[in-house]
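Note that the protein sequences, when read in sequence, are chains A and B. Position one of the first sequence corresponds to residue 1 (this note's numbering), numbered consecutively onward. Position one of the second sequence corresponds to residue 367 (this note's numbering), numbered consecutively onward.
Accuracy of the hints is not assured; some may be wrong.
[Claimed, not checked] Counterexamples of contact, computed for chain B against chain A with all Cβ distances above 12 angstroms:
id	residue
1	Leu390
2	Ile391
3	Glu410
4	Asp523
5	Lys620
6	Leu626
7	Glu646
[As the list claims (entries may be wrong)] Here are the computed distance ranges between Cβ atoms for each label pair:
id	chain 1	residue 1	chain 2	residue 2	range
8	A	Asn134	B	Phe429	24 to 34 angstroms
9	A	Gly164	B	Leu374	26 to 36 angstroms
10	B	Asp388	A	Thr340	16 to 26 angstroms
11	B	Thr495	A	Ala305	41 to 51 angstroms
Please keep in mind that the hints were generated in silico from the structure rather than gathered at the bench. Don't be surprised by glycine CBs; every beta carbon is placed ideally from N, CA and C.
For reference, the chains in residue letters:
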Amino acid sequence: MKPMNYLDQFRDKELVAGLAKRIRTLTAGLEKPLTFMEVCGTHTMAIYQFGLRTLLPPEVRLISGPGCPVCVTPNGYLDRAIALCRLPDLIITSFGDMLRVPGSSSSLMEERAKGADVRVVYSPLDAVQLAVKNPGKRVVFLGVGFETTAPTVAGSILAAQALGLDNYFVLASHKTMPQPMGILSADPELAVDGYLCPAHVSAIIGANAYRFLCEEYRVPCVVTGFEPTDVMQGVEMLVRQALAGESKVEIQYSRVVRWEGNAKAQAMLAQVFTPFDADWRGIGTLPGSGLKIAEAYAAFDAELAIPVGVEELREHPGCLCGEILKGKVSPFNCPLFGRTCTPESPVGACMVSSEGTCAAAYKYAR
Amino acid sequence: MDNDIILLGHGSGGKLSHQLLDDLIIPKLSQSLAKGQNDAALLEIGGTKLAFTTDSYVVDPIFFPGGNIGDLAVNGTVNDLAMMGARPLYLSVGFILEEGFKKSELALILSSMRSAADSAGVTIVTGDTKVVPRGKGDRIFINTSGIGVLEHGLRIDGAGGRVGDQVIVNGSIGDHGIAVLSAREGLEIDSGIKSDSAALNGLVEELLVLGEALHVLRDPTRGGVATTLKEIAIQSGVTILLDEESLPINPGVKGVCSILGLDALYVANEGKLLAFVAPERAAEALAIMQRHPLGKDAAIIGSLTESSEGRVQMKTSVGGVRGVEMLAGEQLPRIC
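All chains, full assembly: derive it from the sequences and hints.
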């Protein structure tokens, strides 16, 4: 027997074909197609990358949701990051995706080309190390992401505190699930028949977090992994619930996700961050849907600790990222898609992030 | 957005590189406005057909598992000549050194260049050295130019792909990019992957027995197999259908790619070639490669299915179908 590598097993062609056949049999002859939303950007990527839509019958429609952290980050956040990177003796550190996202008039990549010190790191702890090595400079990490990323950012603040650093800061724009799913569920235009709930976010927050969606909005929820067999099985579970008229939370991704989530990570988040009403690009301000740095750690909050003038916000006319994030418009129906908005010169964030719906559609589905 | 500045992505080998060439460099420099860029220029001097090419090497770090900037600078230029079906003969070399760079490191690089040149059967015949003040360069940059001779009447060209052709690669993809990336400061992953940096002219010489059945040769360096195939699809006006299951990819490359969210199809190679061969000779071409030390893991990875404006599609490992585009933006700057 081949040793398990925890990758190939979940990309098994026969298993995927079997699941596709079951989904086809279950949905054969349905008059109205079932519409499921994959909430998380990583799902969107997996679905495009493995061509899973081409394996599903026309009776099952997958739409992409607001779970791409870069995509839902408002322009104003980028404008502040850009303003910061223009300050002397300041290093901006970020995951790579943020660099190409256009703000109101520039991007971090463009600023880097003009001389700003903007560096890609693979972990916020690398940014802390940079602060240790550069005591004469201020190091700002761009804290963008959901509950999957937020604990490591919280950890970096705690590490910086333990090291006694006064030159490490986080510009925080963390968002939380599942508040926006409630807004989307209440939207009559969307009529979602079920959610493929995020995999790794759920590992932190736990599957119980989605119960209110089933109870209040009667929408089936399946916490689903990111591999092709996971996605296909998650879809099959949603189909079964929808056909039976059920609405409950199920865990497909049981090898990782528990009902109550990761208590340690949750405690770390509660220690370092405070919930606040976050602004979601395209969706609006949602009560309690973001994490800002708690008062006790204000010294590490770039927004408070490093005052800087930020340019006036300018939205890009014609950009439909907002509607695309809500699943209302497919990238192919955006007048800018593939014309003025391409991965080389993106207009909206959905075209930039490796998890963005438009980037995935451009790269894989044309 | 400010369109007047050069971005790192302009050096990625992907779409931005193409835009820079098409919109600025070729219109300003070329006398013929020749479209369709190949790996080397074909020239005829006094009845002799020559291939001429140049390439600059800025890889970071300069030493990486499986090679260093020196052998890369020799092999890369040798390969560009070989991809035109030429026999590489002579190289020039230009060094740009940063003040403070160690002579002992330069000596290591020079030794690798010499042994790479010896094993490729080329001679380094002229060169130049410049030194820039500390901070104005990054240790060492190398430029090499090369001349080769075409000793046959075959036309091997990116525009030569025909419907029915089989696409063959001589081994595992993505090794060079992942080896360099693994050696980068701050990442230091022990992937066990070595760069595939190698001169391919010997392998190409053996493939030339295929004669008219050999339509395209191209080395998938920056931008990876995906970008190179998309270029050829556009140049040839065909659709290429890849079969993901048949792509040879080392487990270490797969692992690093899945951790970092990279796609091996876009990761650079420095010792790989893609050959487009007429279907009736494809099995023979595969056998030639597999007999060669640089082609043990060769595989047929796809075929040309129909005429089109230049599409690349892939049957995925789980049976779905998806499109394949050129690399957009920068994936891994300074990979070669």
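List in ascending order the numbers of the hints, as given earlier, that are violated by the structure. Checked against the structure, the hints that fail are numbers 5, 6, while the rest are satisfied.
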